[in-house]
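Q: In order, the protein sequence lines correspond to chains A and B.
Numbered by the numbering used here, the letters in the first sequence go through residues 659 to 975 in order.
Numbered by the numbering used here, the letters in the second sequence go through residues 6 to 440 in order.
Derived from the structure by calculation, the hints contain no laboratory data.
Be careful, since some hints might not be right.
[What the hints assert, rightly or not] Once the Cα atoms are required to be at most 25 angstroms apart in a straight line, the calculated PhoX-like pairs of lysine-lysine come out as: (1) B:190 to B:179; (2) A:727 to B:179; (3) B:424 to A:723; (4) B:190 to A:975.
Residue strings, one per chain:
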Amino acid sequence: MQNNLIVSSSPHIASHDATPKIMWSVFFALLLSGAAGVFIFGMRALMVILVSIASCVATEYLIQKLRRKKITISDGSAALTGLLLAYNLSSTVPLWMPLVGGFFAIAICKQAFGGLGRNIFNPALAARAFLLASWPKHMTDFARPFTLDAISSATPLACFKLGKVSGMDELGLSYWDMFLGKRGGCLGEVCIVALLIAAVYLLWKKYIWWQTPLGFILTVGGLSWVFGQQGFLKGDFLFSILSGGLILGAFFMATDYVTSPLTKQGQLVFGVGCGLITFVIRRFGGYPEGVSYSILIMNAVVPLIDRYVRPRVYGVK
Amino acid sequence: MVRLEEHKQQTEHKAIENLPMPQRVYITLSQHLGKVCEPLVKVGDPVFLGQKIAAAQAHVFSLVYSSVSGKVGAIQEWPHPVLGRCKAIVIENDGLDKLQVQKVARSQEEVGRLTPEVIRNIVFEAGIVGMGGASFPSHIKLNPPKPVDILVINGAECEPYLTSDSRLMIEKAKEILLGSELVAKCVGAKDVYIGIEDNKPEAIEIITHQVTKSPSDFARGGQSYKLKVLKSAYPQGGEKQLIKNVLGKEVPSGKLPFDIGVVVQNVATCFAIYEAVYLGKPLYERVVTVTGDCLESPKNLLARIGTPIKELIDFCGPRSKEPSKIIMGGPMMGFAQFTDQVPVIKSTNGVLVLSDTGYKTIEDALCIRCSRCVQECPVGLMPCLIAMASQKERWDLANDHRCMDCMECGVCSYTCPQKINLVQLIKQAKMKVAR
């Protein structure tokens, strides 16, 4: 037996959490929201999801093959990027858009920086920003829920922005509708209940932590209430949370390991920062929604947060 | 701090058994921190049980004793569990346990009259070292350069698999407390705290019983004894961690416990001190937990120092699976062995015989900044950043991230989902920075 003994440095045991397990858990938890999207917007949504995932995985495979690096598509991170990108698109986009977006996300935003762990910006969100800047028309056309033909509809946030409506009742929507996802929007962001189920699961598994999402959501909700469109302390707290991509962004995009701070306190700062910027964009900016831009801007601030928000070292005052 | 799978149930209820004496013992000349000893015997010399066979001319070292009686067969290089190789005195055992002179046993009254200097000298002469793993010579620790008022007895045993301290507390509670009284007397401590993790209810009950039943038995210097039940988490038994969680105090960075008036001693060390002072017995045997998923009947064994671990493993056999790793110590900080010929040394608290756990560190893995190591580091470091600095050989950066405060507990490597051996990279940085 002597010759077969493994000699390695301690520790000799490790936790069962491995990157592929975590990535695929997030992926599968998110599928519920995608299923809801397909239910609400039809098979077209499924096509967008599949093309986006295929594009991301294929791009990762090709680049790693070309660079003669280890192929890591089985770790689930490229597939997850593809899924998240699709969730940030309207179901009505032409199918070449998720294709181009997936390529951009993996090739430019991830692999060009050195692969998983080295990217500065969330690849799915950066790709969304790229698509929005390049083809704004396609990106802001949304399908009406439960109609098979693509009748364009504005999102509730856009309606407010354009001053078309001044209250929920004028939209013909109840909070319950918004909670279930019966509204126009990106295909993976509308069904809040599905997203919350996934979020609770990931929090319970300790794959994500509450600091970023809670900081994010409460900041947006709080500011929207305090500085409401209808007056001071008269804003619509619930509407601000249920509309747009806040829940998707706060629980699944802002919590991306690679592009968020290392300490829990830092993650809280990060979440609050995201919330602040989201509110400013929604209220004063040119776009109706600011979740993705706010996360991208805060991604750039992460090194700064990590520099100043550090854990207290034992025995150091 | 992390909760680990304990794997203690295989041995925690098994009483300590005597391991049959081996035919030959291999007593290494380094069993402690400090200077390596020189042999005092020659090949062919007869030796007695408990005879001093090696010593050094230095301040920091510990004497080495024969663990059997017989004849010196050889003095040669031999595998060493920590150092890889080391010179060892090989003694052919005659199986008679012959003593040179009768041991001097002391009654409780006689012990009560001993001065701290005399106790320290007995501890030195018995060759006692810290038996929790660090193996620092105890007589030095019993002579703190600053006034000490608190003694913490370490019964945490936070490493998975190990139960030797736990069994000792269950079976020898009174002796441990008598030993700790001697330590308290030497260092001048008024308050004695015993820290035990809550996964050892039997030990907690017995120690509580001893302390409350007849407190005056172990407090002739007026010490007070308090039991502190700790949450089971790793590394609860780390010296600085223990001080924080028992006393609510922190040892300042770069300082030692006595700087804040505290001394920590392991329960097995207290027991060895008891045996030396009360029974006149030098340190030549110790309790070793022999366990792991490859063994049919894991046990807690009282083994002679110098016994090759093969004898311990065979005694707990037969092997149910082919082992892929033999670890001396616990799975978090223990040393993987390349051969089962390595002998038991004074700090050997466990021998683990494990089949393939499937755990491999990945050489070229990149950190994904998941922040688990940062959240779990008991010292409050950012291990991933130190490791990254170490990979890039930026020792200045590693130092800025306070790599020297790392106690090498291995929690960061344990939690890493990318299976990067963070603690190994941090150890490298520490070595470079220390230079």
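Q: Does each hint fit the structure? Answer for all of them.
A: How the hints compare with the structure:
1. B:190 to B:179: Judged against 25 angstroms, a Cα distance of about 17 angstroms means the pair holds.
2. A:727 to B:179: 62 angstroms, violated
3. B:424 to A:723: 23 angstroms, holds
4. B:190 to A:975: 32 angstroms, violated
Of the numbered hints listed earlier, those contradicted by the structure are 2 and 4.
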